[in-house]
Amino acid sequence: MANTNELLNRINRSYSTMSKGQKLLATYITDNYDKAVFLTAARMGETVGVSESTVVRFATCLGYKGYPEFQRALEELVRNKLNSVQRMEVTSGRISQSKILETVLQSDADKIKTTLEKIDHDAFELAVKTILGAKNIYIVGIRSCAPLASFLGFYLNLMFSDVHLLTTNSSSELFEQMVRIGQDDVIIGISFPRYSMRTLKALEFANNRSAKVITITDSIHSPMNLYSSCNLIADSDMASIVDSLVAPLSVINALIVALCMARQEDVAQTLTMLEDIWDEYQVYENDEINYVDDSIKAHYAKIDDDGGED
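In my numbering, the protein residues as written are 12 to 321.
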């Protein structure tokens with residue numbers, strides 16, 4: 012772990028000799044290095060409240076040749092931040108073995124409560140309006156956020172004809188799926204710590220082509236908000252090796268319900284058509300087969316076909 016913590020060690024060793032502005036930077040980076048890694052020197056200075064030159068001097072003060080080398084050290088730190096073992100170590104100090112169920116469920120409930128208290132209702136309404144007015148809807152969520160993106164995409168497909176769920180293992184594939192995105196379209200980006208660089212690049216790509224950008228993330232300081240005009244903030248937390256994304260899912264549920272209410276007639280027609288299709292092709296009946304009865308039916312069908320048992 013020595014190499015992983017080299018940047019933090021340098022900050023700790025130099026802290027006492029730093030200027031006031033440099034100490035502000037040191038505190039911000041120590042507490043938020045997963046966000047700081049995405050920031051330019053100018054943007055970091057703006058976030059902390061110091062000048063860009065102070066940020067550059069801070070990097071050289073730590074022994075780096077300039078901001079680019081400092082940022083590479085920051086990237087290395089974040090790359091190794093909170094791996095599975097570290098998460099388990101942190102969690103072991105927060106949750107006793109006998110209280111895992113109660114602690115995790117209570118934590119999830121608290122996340123929903125705090126999200127409800129601080130979410131921007133105007134931003135939520137703007138998100139609904141923007142999606143309703145879009146020609147094409149793109150959704151991107153990578154890694155642990157992929158199930159959230161898939162869930163949102165499933166229900167939006169029941170309401171809209173042009174929904175694109177971006178699925179990929181590389182940034183170039185993302186761009187290929189988004190090559191026609193434009194000013195009449197919207198992209199919904201979902202990302203929580205550890206933030207996905209691919210998701211950020213997709214939002215940057217969309218923003219550069221004048222598309223509307225909506226984010227579902229954990230903080231107003233999230234790097235995902237660099238390119239968005241509408242931010243839906245939901246609390247997230249970690250428990251052992253998994254992310255708690257209950258609150259983001261609740262926000263997505265609310266978004267789906269609001270859109271559904273705004274398009275009730277269209278949704279009703281689609282669901283009526285789907286019910287007929289599901290009945291015709293026995294979509295749900297196939298999922299509910301009684302396997303004991305089915306084996307008996309198959310047995311008797313074989314007797315009828317052969318005229319007797321083998």
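Bear in mind the hints are in silico, worked out from the structure with no lab data behind them. Since we're looking at a predicted model, the values are computed, not measured. Any given hint could be a false lead.
As the list claims (entries may be wrong) - Below are the SDA-like pairs computed for lysine to any residue, each with C-alpha atoms no more than 20 Å apart in a straight line:
#1 Lys-76 x Lys-124
#2 Lys-212 x Phe-171
#3 Lys-146 x Met-272
#4 Lys-212 x Asn-180
#5 Lys-212 x Gly-193
#6 Lys-124 x Asn-20
#7 Lys-76 x Asn-20
#8 Lys-34 x Ser-109
#9 Lys-212 x Phe-49
#10 Lys-34 x Asn-20
#11 Lys-146 x Gln-275
#12 Lys-212 x Ser-183
#13 Lys-31 x Asn-20
#14 Lys-31 x Ala-53
#15 Lys-146 x Thr-281
#16 Lys-34 x Gly-60
What the hints assert, rightly or not - The calculated label-pair distances, taken between Cβ atoms and stated as ranges, are:
#17 Val-294 x Arg-274: 21 to 27 Å
#18 Trp-289 x Lys-212: 35 to 41 Å
#19 Thr-283 x Lys-129: 26 to 32 Å
#20 Glu-276 x Ser-62: 53 to 59 Å
#21 Gly-144 x Ala-120: 42 to 48 Å
#22 Arg-274 x Arg-83: 44 to 50 Å
#23 Thr-281 x Arg-83: 27 to 33 Å
#24 Ala-273 x Asp-195: 40 to 46 Å
#25 Thr-28 x Ala-273: 56 to 62 Å
#26 Ala-279 x Glu-187: 51 to 57 Å
#27 Thr-281 x Glu-86: 41 to 47 Å
We put the CB at the ideal spot given by N, CA and C, even for glycine.
Here's how the hints hold up against the structure:
For the hint linking Lys-76 to Lys-124, the alpha-carbon distance of about 46 Å lies beyond 20 Å, and the restraint is violated. In summary, the hint linking Lys-212 to Phe-171 is not supported, as the alpha carbons are separated by about 25 Å, beyond the 20 Å threshold. For the hint linking Lys-146 to Met-272, the alpha-carbon distance of about 19 Å falls within 20 Å, and the restraint holds. For the suggested pair Lys-212 and Asn-180, the alpha carbons sit about 13 Å apart, so the restraint of at most 20 Å is met.
A C-alpha spacing of about 16 Å is found between Lys-212 and Gly-193, which places the hinted pair at or below 20 Å, so the restraint holds. About 37 Å separates the Cα atoms of Lys-124 and Asn-20, which puts this hinted pair outside 20 Å; it is violated. The straight-line distance between the Cα atoms of Lys-76 and Asn-20 is roughly 17 Å, inside the 20 Å bound, and the hint therefore holds. With a C-alpha separation of about 41 Å, the suggested pair Lys-34 and Ser-109 falls outside the 20 Å cut-off, and the hint is violated.
Annotation: proposed proximity of Lys-212 to Phe-49 holds, straight-line Cα distance about 11 Å (limit 20 Å). Under the criterion of a C-alpha separation no larger than 20 Å, the hint pairing Lys-34 with Asn-20 is consistent with the structure, at around 14 Å. The suggested pairing of Lys-146 with Gln-275 holds, with an alpha-carbon distance near 19 Å, which does not exceed 20 Å. Proximity of Lys-212 to Ser-183 is assessed by CA-CA distance (about 10 Å); at most 20 Å being required, the pair is judged to hold.
As the CA atoms of Lys-31 and Asn-20 are separated by approximately 19 Å, the hinted pair is consistent with the 20 Å bound. Restraint check: the Cα-Cα separation between Lys-31 and Ala-53 comes to about 18 Å, which is no more than 20 Å; the hinted pair holds. Distance restraint check for Lys-146 and Thr-281: the Cα-Cα separation of roughly 19 Å lies within the 20 Å cut-off, and the hinted pair is therefore satisfied. Between the alpha carbons of Lys-34 and Gly-60 the distance comes to roughly 12 Å, so the proposed pair stays at or under 20 Å and holds.
Roughly 23 Å separates the CB atoms of Val-294 and Arg-274, a value that falls within the hinted 21 to 27 Å. At about 38 Å, the beta-carbon gap between Trp-289 and Lys-212 stays in the expected band of 35 to 41 Å. At roughly 39 Å, the beta carbons of Thr-283 and Lys-129 sit outside the given window of 26 to 32 Å. Distance hint check: the CB atoms of Glu-276 and Ser-62 are about 56 Å apart, consistent with the given range 53 to 59 Å.
One distance hint, 42 to 48 Å for the beta-carbon pair Gly-144 and Ala-120, is violated here, with the actual separation near 35 Å. Distance hint for Arg-274 and Arg-83: a CB-CB separation of about 48 Å, consistent with the stated range 44 to 50 Å. The hinted range of 27 to 33 Å is not satisfied by Thr-281 and Arg-83, whose Cβ atoms lie roughly 50 Å apart. For the hinted restraint 40 to 46 Å between Ala-273 and Asp-195, the CB-CB distance of approximately 18 Å leaves it violated.
At about 58 Å, the beta-carbon gap between Thr-28 and Ala-273 stays in the expected band of 56 to 62 Å. The supplied range of 51 to 57 Å is broken by Ala-279 and Glu-187, whose beta-carbon atoms lie about 36 Å from each other. For Thr-281 and Glu-86, the hinted distance range of 41 to 47 Å is satisfied, since their beta carbons lie about 45 Å from each other.
In this structure, the hints that do not hold are numbers 1, 2, 6, 8, 19, 21, 23, 24 and 26, in rising order.
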